[in-house]
Amino acid sequence: MLTPMTDSEIRSKGAAALVESLGAVEAERFITLILREPFDYTQWRKSLFEGRTIEEISSAAARLREETEQEKPAR
0 MLTPMTDSEI RSKGAAALVE SLGAVEAERF ITLILREPFD YTQWRKSLFE
50 GRTIEEISSA AARLREETEQ EKPAR
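Each step along the sequence shown adds one to the number in numbering that gives the first Met the number 0, with nothing skipped, and position 69 is 68.
Some clues are possibly wrong.
Stated by the list, open to error - Derived Cβ-Cβ restraints for the label pairs, each shown as a range:
no., residue 1, residue 2, range
1, Q42, A16, 19 to 25 Å
2, E65, D6, 30 to 36 Å
3, E68, F38, 29 to 35 Å
Keep in mind that the hints were calculated from the coordinates and are not lab data.
For every residue, glycine included, the Cβ atom is placed at its ideal position computed from N, Cα and C.
Start from the sequences, fold in the hints, and give me the full structure.
Pasting the structure below:
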């Protein structure tokens with residue numbers, strides 16, 4: 000069973016995910032936008048995939064993962 004993360008762990012992993020996904024500058028921009036504009040995250044999440052089937056969402060996620068893997072340098 001997974002142990003729940005602390006608030007500090009969530010902040011740290013969230014920031015790392017943003018930087019990995021967007022790059023440092025765009026991650027900072029995203030955070031600034033969230034803080035500056037009124038934003039209801041729950042409502043946003045509800046509408047994010049509205050009208051799309053689970054198959055469409057899954058296919059889009061798989062394509063994004065493939066694209067991301069192709070962009071990463073070999074280790």
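**Asked** How does the Cβ-Cβ distance of E65 and D6 compare with 30 to 36 Å: does it lie in that range?
**Response** holds (33 Å)
**Asked** E68 and F38, beta-carbon distance inside 29 to 35 Å?
**Response** holds (30 Å)
**Asked** Between Q42 and A16, does the beta-carbon spacing fit 19 to 25 Å?
**Response** holds (21 Å)
Checked against the numbered hints given earlier, this structure breaks none of them.
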